[in-house]
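With the hints as extra help, turn the sequences into a complete structure.
Chains as they are written, first to last, in the UniProt record's numbering: chain H, 1 to 200; chain Z, 1 to 200.
Be aware that one or more of the hints could be misleading.
[To be verified] Listed next, the in silico SDA-like pairs over lysine to any residue satisfying Cα-Cα at most 25 Å (straight line):
#	chain 1	residue 1	chain 2	residue 2
1	Z	Lys180	H	Asn147
2	H	Lys92	Z	Tyr162
3	H	Lys5	H	Pro102
4	H	Lys146	Z	Lys146
5	Z	Lys146	Z	Asp77
6	H	Lys146	H	Thr84
7	Z	Lys140	Z	Lys47
8	Z	Lys92	Z	Leu176
9	H	Lys76	H	Val66
10	Z	Lys172	H	Leu158
11	Z	Lys140	H	Ile183
12	H	Lys47	Z	Ala17
13	H	Lys93	H	Ser149
14	H	Lys180	Z	Asp141
15	H	Lys31	H	Ser46
16	Z	Lys92	H	Cys80
17	H	Lys146	H	Pro102
18	Z	Lys47	H	Ser25
19	H	Lys172	Z	Cys115
20	H	Lys146	H	Cys80
21	H	Lys31	Z	Tyr83
22	Z	Lys180	H	Glu137
23	H	Lys47	Z	His171
24	H	Lys142	Z	Lys180
[What the hints assert, rightly or not] Stretch by stretch, here's where chain H covers chain Z in the computed footprint (C-beta under 8 Å, at least three residues):
#	segment
25	3–12
26	26–37
27	51–58
28	131–140
In short, the hints are calculated from the structure, not lab data. All C-beta atoms, glycine included, are put in the ideal place defined by N, C-alpha and C.
2 protein chains.
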Amino acid sequence: MIETKEKILLGMLDLVAETGLEKASIGRLCKKIKVSPGNVYFYFSSKVELLNTLYYYCINSLIEAVDIKTYTEISKDEECTVYTTLMEDLVKKVIYFYKSNPCMLNFIITSKSSCYLSDEIKRGRFTGANFFNSFWEKCKDKGIIKNVSTEFIIAFILGVIYEFMKEDIIHKNISLDDEKIDILNDLIWSGLYVENRVMS
Amino acid sequence: MIETKEKILLGMLDLVAETGLEKASIGRLCKKIKVSPGNVYFYFSSKVELLNTLYYYCINSLIEAVDIKTYTEISKDEECTVYTTLMEDLVKKVIYFYKSNPCMLNFIITSKSSCYLSDEIKRGRFTGANFFNSFWEKCKDKGIIKNVSTEFIIAFILGVIYEFMKEDIIHKNISLDDEKIDILNDLIWSGLYVENRVMS
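See the structure below:
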């Protein structure tokens with residue numbers, strides 16, 4: 001059975017998608033998921049705390065979905081092709097994750113520019129992307145991708161993925177099928193690859 | 001002297017940056033810029049209409065700043081190097097525009113995922129990016145950039161620019177100086193260029 005805390009988080013996720021962040025009050029949430037305010041305040045001292053926890057919850061779900069260990073534990077001795085395949089898989093996994101969880105994408109995108117999230121989250125000290133830092137460092141060491149700061153690599157990849165996912169899930173201007181995801185992957189990795197190193 | 005209509009628009013731009021979209025009411029706007037509600041309602045029937053007009057206003061300002069004619073009127077006979085220089089200049093101009101107008105960046109980013117903007121804007125039928133369509137078509141015809149749909153090219157470029165600008169202006173995680181803008185440009189154009197065609 002789903003625990004109350006998770007029920008509250010998932011309820012808030014749906015509520016934000018329905019009403020937007022501002023109107024997603026704890027009162028409305030209680031009515032929606034039929035939980036008493038006392039029960040909500042037992043777990044979260046405020047709407048702000050609930051939304052911050054929800055952000056971590058979404059990022060952790062994404063981290064789980066992409067099988068982070070494959071990326072953190074990869075050996076330096078692996079061939080470049082293994083690295084490049086993993087990188088392309090990562091983009092695919094992120095896209096399919098958000099396709100299955102459109103409310104999470106909506107929340108991640110709208111909350112980040114809102115007044116609710118903590119400075120720690122906004123300054124990126126906690127983002128799922130950081131878990132991949134060691135992977136990017138190894139890619140740079142091996143000369144597969146450009147030797148630019150890891151922050152730049154993450155901003156580049158996330159910027160592209162988020163924009164395309166927004167166009168797909170929120171604005172419904174495009175629909176990312178396998179063929180289009182391949183094009184998207186090609187745009188991203190052409191941007192990052194070190195020339196003539198791709199096929200080694 | 002600045003006209004009342006523009007004063008209202010610019011006042012709203014500042015107000016949204018201060019309070020966020022939801023709390024930026026016409027009442028607060030009137031107090032802030034010392035204009036009567038009747039005067040605001042003479043120009044805009046509602047907050048929604050004001051925000052939609054503001055979106056067009058921001059995009060038009062950007063369009064003016066990047067000198068759109070250079071891009072729409074470029075001849076097909078120009079050399080590839082002229083095209084590539086223009087493309088790189090475009091990214092630089094957009095970045096410097098938003099650096100000088102941080103409230104516009106904040107508004108463009110937060111409003112697009114809000115409930116206030118019209119479907120027309122959200123579906124992208126009116127975005128500044130569309131004005132460049134003919135330029136991208138010519139770039140594709142000349143084989144400078146990949147032959148992918150123009151929507152993809154625009155989403156790719158805007159996604160990257162917006163993410164970096166957000167990190168710079170809103171979250172202050174990075175600061176885009178000339179050197180970093182060059183790196184950013186390199187990431188974007190490596191993604192788009194057709195290999196071995198860059199230097200021709």
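Hint check results:
1. Z:Lys180 to H:Asn147: 13 Å, holds
2. H:Lys92 to Z:Tyr162: Holds, because 22 Å separates the two Cα atoms, which is no more than 25 Å.
3. H:Lys5 to H:Pro102: Roughly 21 Å separates the two Cα atoms, so the pair holds.
4. H:Lys146 to Z:Lys146: It holds: about 20 Å lies between the C-alpha atoms, which stays within 25 Å.
5. Z:Lys146 to Z:Asp77: 19 Å, holds
6. H:Lys146 to H:Thr84: Holds, because 13 Å separates the two Cα atoms, which is no more than 25 Å.
7. Z:Lys140 to Z:Lys47: Judged against 25 Å, a Cα distance of about 41 Å means the pair is violated.
8. Z:Lys92 to Z:Leu176: 10 Å, holds
9. H:Lys76 to H:Val66: Judged against 25 Å, a Cα distance of about 20 Å means the pair holds.
10. Z:Lys172 to H:Leu158: The hint holds at about 17 Å.
11. Z:Lys140 to H:Ile183: Satisfied, since the Cα-Cα distance of roughly 15 Å is no more than 25 Å.
12. H:Lys47 to Z:Ala17: 22 Å, holds
13. H:Lys93 to H:Ser149: With Cα atoms ~24 Å apart, lysine 93 of chain H and serine 149 of chain H stay inside 25 Å; holds.
14. H:Lys180 to Z:Asp141: 21 Å, holds
15. H:Lys31 to H:Ser46: 17 Å, holds
16. Z:Lys92 to H:Cys80: 33 Å, violated
17. H:Lys146 to H:Pro102: 32 Å, violated
18. Z:Lys47 to H:Ser25: 22 Å, holds
19. H:Lys172 to Z:Cys115: Distance of about 15 Å is within 25 Å: holds.
20. H:Lys146 to H:Cys80: 14 Å, holds
21. H:Lys31 to Z:Tyr83: The given pair, whose Cα atoms are some 58 Å apart, is violated under the 25 Å limit.
22. Z:Lys180 to H:Glu137: 19 Å, holds
23. H:Lys47 to Z:His171: Cα-Cα ~22 Å, so holds.
24. H:Lys142 to Z:Lys180: 23 Å, holds
25. 3–12: Answer violated; 0 residues pass the 8 Å Cβ test.
26. 26–37: Contact hint for the segment 26–37 of chain Z vs chain H: violated, 0 residues under 8 Å.
27. 51–58: violated (count 0)
28. 131–140: violated (count 0)
In summary, the structure is inconsistent with hints 7, 16, 17, 21, 25, 26, 27 and 28 from the numbered list given earlier, while agreeing with the others.
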